[in-house]
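Participant: Each chain, written out:
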Amino acid sequence: MKKWIAGAAMALTAMSGAAFADGHGDYPERPLLLMVSYGAGGATDFQARIVTMTAGNEDALGMPIAILNRPGAGGRVGWNWFATEAEADGYTLGAYNIPHFIAQSIEGGVEYSTESFEPIANWGADPAVFVVPTDSGFQSMADVVAYATENPGGLTFSGAGLFVGHHIAALQLEQAAGVELAYIPNNAGGAGAMRAVIAGEVLGGVNNLSDAFRAQEAGNVRILGVFDLERNDFLPDVPTMIEQGYDIDNASVNFRGVMVPAGTPQEVIDHLAAIVPTMFENGRVASRMEAGGSPMHIMTRDEVLEMWAARQETLEALLADLDN
Amino acid sequence: MDFIFYMGDVFTPVNFALLLLGTVGGLILGATPGLSPTMAVALLIPFTFQLEPQQGLILLGAAYTSTVAGGAVSAILLKIPGAPANIATTLDGHTMALNGQGAKALQVSFLASAVGGIFGVLLLIFLTPVLAQWALAFGPSHLFWLAILGVTVIGTLDSSSVVKGLLSGCIGLWLATIGFDDIMGAQRFIFHSSLSGGINVIPALIGLFAIPQVITMLTKGRKDSGAEVITVQRHPIGAAFREVFSRLRALSIGTAVGSIIGLIPGVGGQIAGLVAYDQSKKFSSESEKFGKGHPEGVIAAESANNAMVGPSLVPLLTLSIPGSPTAAVLLGGLLIHGIFPGPDLFMNYPAVAWTFIDSMLIGQILMCIFGLFIAGLAAKVARVPHAVMAAIVLALAVFGSYSVQNSMGDVYVMATLGLAMYFLERFGFSAAPLVLGLILGPIAEANFIQGSMIANATVGLGPYFFTGALNWLLIAIVVVSIGYSVWMELRQRRYTTKDDAVAKEESLT
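Going down the list, the sequences are from chains A and B. Under the working numbering, the first residue of the first sequence carries the number 1, and numbering increases by one thereafter. Under the working numbering, the first residue of the second sequence carries the number 1, and numbering increases by one thereafter.
Here are the simulated distance ranges between beta carbons:
1. K380/B / E87/A: 42 to 48 Å
2. L470/B / D89/A: 51 to 57 Å
3. H297/A / W472/B: 46 to 52 Å
4. P31/A / Y484/B: 56 to 62 Å
5. A146/A / I477/B: 40 to 46 Å
Which residues of chain A face chain B? A partial, calculated answer using Cβ under 7 Å:
6. V77
7. G109
8. G154
9. N187
10. A191
11. R214
12. A218
Here are a few chain A residues that sit away from chain B, every Cβ distance over 10 Å (derived from the structure):
13. N57
14. E115
15. S136
16. Q139
17. D143
18. A146
19. E150
20. N232
21. Q266
22. H271
23. I298
24. M299
25. T314
Hint data in this document are derived by calculation from the structure and do not stem from the laboratory. The beta carbon of each residue, even a glycine, is placed where N, CA and C say it ideally should be.
Can you build the whole structure from these sequences, using the hints too?
Facilitator: In structure tokens, the structure reads:
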């Protein structure tokens, strides 16, 4: 019996060895995992489930992708795990959030940086927007900045926390308008930050475009500006910050996409980089994403690599100012 | 009366089948330690991709309602709360089970759940616009005072000693600081990578309650191999009805407290059960019976945690802001079908919104019927020999802690806390205040920091935390609560004789 088991084990090793030897021709031969570093039901998790639902199709990967949630500490727990413990065999994928993980790696105390991961493709981009309660006197960003100039440090506005897109947007606004603001990070994330605005606990807030769009539709807030290079299809009437005279680029836009740990075989990366963007383009995915109010923005591996590098540079400069 | 108009939709064959499935499935998921309502609903979301929006929401609503009630099963029979909402249920429920009244405890708990739950959903149906304003009234300063009110409960939760209760509450508050802090992202007390995400409440809950149980069972098994088997008294359902409705005070306190606390975003059902338990203990004429297997304890706790279900959806359905983690998951379930909650939800999608609410109402009743049906059977769990039971509970504890975040680190946390709790229990400390500290710590801290940031930018600390009717109301309740505890402690001390003290010491060793 023992011999038999040993023999079987040897045969199995030989087989898998052979599979690796001939250049991952059969990859993937079993279902894949996609690690999401936020809890089930959050925006990242929700979108990850939608964009991966067609993975099992023959024209896609031919194998389903299962979602694995590893939430905690604003995503740090999941990304730490992904950088240090996830196997780089192509069967463990991860979802990234830019600028979150880059900002956290610059801040320090985590075990990852852009070097630890290899991007595959980007599926979504959710810009930050500036919102005020419907009954607020602020009609444009100029009103907000005027108030902040009169009351230095007195303009309270909420956001989802420190070292996330909202915080980056807040820092950019302070810098571009040359004013001192009181950014109040919320412990309950974007939803908590939005609640603070609607309840009038703060004078304004930075929030996700998708959530702010819903809140505006519900008549609870007014959106004054978009922290992006161009106007958004969901909000064609809302001007960007640049249009309103503030030199703010798209560094705070929350990009979401798929990555693998560094050290994954190049053939696997190439295979995924070719297939995954087509998976995102599937009509069923697009209609679900649109129904959920989640803006899509598909980017290939090369475009994402470029975006990561650009972001790294901007954020280093921005956060260096913060330390002084 | 739109909700009556759409009631028929609940009873179409497919919808009703889904409602049954959600209810029974929810009860089973809820009774499994570690599978909190949030997890259960999140697990079901992918299944709703294939369903119509109306059907998907019926499934999710039914699952939400019945997982909350299902958590009572393991709380009563195994002393492992299925979710934080069920902590208070263990206090009297498990003692009742040990006294052979497991069937009665379960029946009472399901009936109380149904009464609380139906009241909560009715509030959701009739008072949503009014309640939405109330949900927004609680800002950082009010949530801070509310958390402090919770802290005052800590001392009295433990029936043996106020000092030991406060001490274990402090341990809980300290444990809550571990990990990256919520607002500034500072690292605190992270000595091992398992702790970098902080201590998650569910694994802590399982460890603190289940592991001491397992160790005790194992040690008993060694002492005498034919470990004593608890007889399970049969308990007619009619008697359970009379029991619940004769204890109207506990029932109404539980329902009221649950409804109010459920409405406040960010506090949710985690503390509703404990606060209701504490309040009904303070108001009861038989407060000395609490903790020793008093049905009122079960009634208050369970009616409160189910009453919170309906109101907890008010901020979501009217303002599109999820007030609790479970509501956030439900929001995902709505969005995936292109339904945006908000004030016009009931006008744009009446068939979806009202059917969802109706199904929660019917779900409460179905949940109660199934619960009563399984109560007698489930109570037989107490007859399982200790050695077998210990193995089953241990396996469930490991499975439950792992499944929360798919993390072995949580299992280590669970085991470590459990082992420590076993020794703490030997010295008369109990787990409930500790968990309450763990839950309240982050609420108090985050709201204090947020409040002080706003205050420093605007009116200043003093005026921010000490002006406004709601602040003063909460401060007044805090003062009354502390005063009452001190008075009770002094009165009890006067009547405690040396013999009582000796007997108490002996019972612990």
